[in-house]
Amino acid sequence: MNLDLTVIMQVYVFVLAGFVGYQVVSRVPSLLHTPLMSAANAMTGISLVGSIVVAGMDRGTLSSVLGAIAVACAAINVVGGFLITDRMLKMFKSPDQKS
Amino acid sequence: MSGAAADAGFLAPGVREGLIQAFYLTSSILFILGLRGLSSPTTARRGMHQASIAMLLAVVGTLLHHDIVRFDFIIAGLIAGSLVGVIIGLPLGINIPMTAMPQFVAISHMFGAIAATIVGLTEYLALDARPSAPVMVALSFEVILGALTVTGSFMAFGKLQEIITGKPLTYPGQNFINLSLFAVTIGLLIYQLVVPGQPELFLLMLGIAAVLGVLMVLPIGGADMPVVISLLNAYAGLSASAMGFALGNNLLIVVGALDGASGFLLSILMCKAMNRSFTNVLFGAFGGASAAAKKSAEGLTMRQVNVEDAAIQLAYAKQVIVVPGYGLAVAQAQHLIREVAELIEKRGGEVKYAIHPVAGRMPGHLNVLMAEANIAYEKLFDMEDINGEFARTDVCLVIGANDVVNPAARSDPSSPIYGMPILNADQAKSVIVLKRGTGTGFAGIENELFFDPKTAMLFGDAKASLQKLITELKAV
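Sequence order for the protein chains is A and B.
If you're matching positions, the first sequence starts at 1 in the numbering used here and goes up one per residue.
If you're matching positions, the second sequence starts at 1001 in the numbering used here and goes up one per residue.
For reference, chain A alone in the conformation it holds in the complex (with noise of 0.2 Å):
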């Protein structure tokens, strides 16, 4: 296997973020982590980065459609993901905001 710069920076990058990732999230208190795992599971929509330059991409028809259903599919996962998020946040009020 011939490992050049470019893999070896992106395995830097992978563990870099993984450990930031750690570091954050350990934080979180558990009072959070229902909207934590919302959150979570909005940001998987980042396939829609991948989704979108294989749906644009001049590789003829049937790979643009099924690009263009991955970025469906994706928007799904990002917009209904950050959505219910911010549902879930807004309900969480102390005392002094209290209506």
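Errors might be hidden in some of the hints.
[Said to hold, decoys possible] With a straight-line Cα cutoff of 35 Å, these simulated DSBU-like cross-link-like pairs (lysine-lysine) come out: (1) A:LYS90 <-> B:LYS1463; (2) B:LYS1454 <-> B:LYS1346; (3) B:LYS1318 <-> B:LYS1272; (4) B:LYS1346 <-> A:LYS90; (5) B:LYS1346 <-> B:LYS1463; (6) B:LYS1454 <-> A:LYS90; (7) A:LYS90 <-> B:LYS1318; (8) A:LYS90 <-> B:LYS1474; (9) A:LYS90 <-> B:LYS1379; (10) B:LYS1318 <-> B:LYS1463; (11) B:LYS1429 <-> B:LYS1352; (12) B:LYS1474 <-> B:LYS1454; (13) B:LYS1468 <-> A:LYS90; (14) B:LYS1463 <-> B:LYS1379; (15) B:LYS1463 <-> B:LYS1474; (16) B:LYS1272 <-> A:LYS90; (17) B:LYS1429 <-> B:LYS1318; (18) B:LYS1352 <-> B:LYS1474; (19) B:LYS1379 <-> B:LYS1346; (20) B:LYS1463 <-> B:LYS1429.
Don't read these hints as lab results, they were simulated from the structure.
On the provided structure of chain A, position chain B as indicated by the hints.
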């Protein structure tokens, strides 16, 4: 690149690439800040706004990609997906109860994973004859994890929505079959590294991973489903990371890794809260009724109480701890418990809420449900913070909770929940349990607390019982 001389596009390639990377880097930072915001309820909403801006920047940056030559399919996909996303997302919180959250997360994962799998597949089919080994490994992991998440999430959704039975489905040799299938998948991956260019093997690998997703979730009971959903979240994240490796896209790698870390961490935290090991949850087929645990109920009777007496007990209590469980949420009685609490507080009593980490169907699920009823989060206490207080509590009001207050977790080594940290409700001076019937809890285990002489049972639908309690409390 000498200068920013305009070429065929509206931006010189160098400038364009720089711009994309600037968008991606900003997006990555905003995603991390967004997750950071979730460390406190006061900053959480702002954090999620940052995360959604990050997602927007990611999309804008991607649209500048030099390989993109047509936008019609992208726009069609974006519009269709956003519409469906809004249709799914908006009603939840208006008329669909928050109890449906886990199902929603599961089905939403499925869509994200479908996207990742399709991208991996089309990328593979477009490859030239001899892809480099790293690209091949990345694409394989993308579709394996993607396909596994698609079918696994769908199964989790089906179990939680009760389309499929929530009980664990087991058969002899189950773990052996699953492990063998996993080994075959990895074997196919390695074989393709040696002999590349066999699309049918790639598809077979994808297919086996999809089957594995179904088989993996089958033996897991409804009570353990949140662990699975969180784990699938991690898989979906890693699938996105793999996509990033294959496409040479750092943003995908970063966000995928963030998701992977969060998913694994949450599933580990959940397992810890139930005092079960990861492998036990995944291979243990827990969640069905166990015959051994039933014996403790024989020859014992529950003491019933009427609403009037319960109301008087609550009215004169100095400190009341409410232990809400999933049953409360199912009965949609969160708002009523707030009213009860307000009436007790008006009479000078203090009311606190004890939230067990695995109460509900997701970690922190009950917190969301209580917040929905406008109960201030300062009054919601974690298990460690409140367990010392039960001994000085006059009345512990258990509503629709069962396993999280079962003393068998402390005393009975034969109980399936033995060792799970529980709320010390049995230490309170008196206990009132609101319960629908005499049945067992989600884990199918009999609860000694209900037979304790100081425990009074108030049978009936939680909503109806609380309604009556409110009327009585007003009259006291």
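Evaluated hints:
1. Between the alpha carbons of LYS90 of chain A and LYS1463 of chain B the distance comes to roughly 24 Å, so the proposed pair stays at or under 35 Å and holds.
2. Proximity of LYS1454 of chain B to LYS1346 of chain B is assessed by CA-CA distance (about 26 Å); at most 35 Å being required, the pair is judged to hold.
3. Of the supplied pair hints, the one linking LYS1318 of chain B and LYS1272 of chain B holds, its CA atoms being roughly 34 Å apart against a limit of 35 Å.
4. Of the pairs offered as hints, the one joining LYS1346 of chain B and LYS90 of chain A holds, with about 27 Å between alpha carbons and a cut-off of 35 Å not exceeded.
5. For the hint pairing LYS1346 of chain B with LYS1463 of chain B, the CA-to-CA distance comes to about 21 Å; that is within 35 Å, so the pair holds.
6. Distance restraint check for LYS1454 of chain B and LYS90 of chain A: the Cα-Cα separation of roughly 39 Å exceeds the 35 Å cut-off, and the hinted pair is therefore not satisfied.
7. A C-alpha spacing of about 32 Å is found between LYS90 of chain A and LYS1318 of chain B, which places the hinted pair at or below 35 Å, so the restraint holds.
8. For a cut-off of 35 Å, the pair hint linking LYS90 of chain A to LYS1474 of chain B stands: about 31 Å separates their Cα positions.
9. Proximity of LYS90 of chain A to LYS1379 of chain B is assessed by CA-CA distance (about 17 Å); at most 35 Å being required, the pair is judged to hold.
10. Distance check on the hinted pair: LYS1318 of chain B and LYS1463 of chain B sit about 24 Å apart at the alpha-carbon level, within 35 Å; holds.
11. Proximity of LYS1429 of chain B to LYS1352 of chain B is assessed by CA-CA distance (about 15 Å); at most 35 Å being required, the pair is judged to hold.
12. A threshold of 35 Å between alpha carbons decides the hint, and for LYS1474 of chain B with LYS1454 of chain B the separation of about 25 Å falls inside it, so the pair holds.
13. For the proposed pair LYS1468 of chain B and LYS90 of chain A, the alpha carbon gap of about 30 Å is at most 35 Å, so the pair holds.
14. A C-alpha spacing of about 21 Å is found between LYS1463 of chain B and LYS1379 of chain B, which places the hinted pair at or below 35 Å, so the restraint holds.
15. About 17 Å separates the Cα atoms of LYS1463 of chain B and LYS1474 of chain B, which keeps this hinted pair within 35 Å; it holds.
16. Restraint check: the Cα-Cα separation between LYS1272 of chain B and LYS90 of chain A comes to about 29 Å, which is no more than 35 Å; the hinted pair holds.
17. Taking the CA atoms of LYS1429 of chain B and LYS1318 of chain B, the gap is about 11 Å. The hint holds against a cut of 35 Å.
18. This hinted pair checks out: LYS1352 of chain B and LYS1474 of chain B have alpha carbons roughly 20 Å apart, not beyond 35 Å.
19. Simply put, LYS1379 of chain B and LYS1346 of chain B have alpha-carbon atoms about 16 Å apart, close enough for the 35 Å limit, and the pair holds.
20. Among the hinted pairs, LYS1463 of chain B with LYS1429 of chain B is consistent with the structure: their alpha-carbon atoms are about 25 Å apart, no more than 35 Å.
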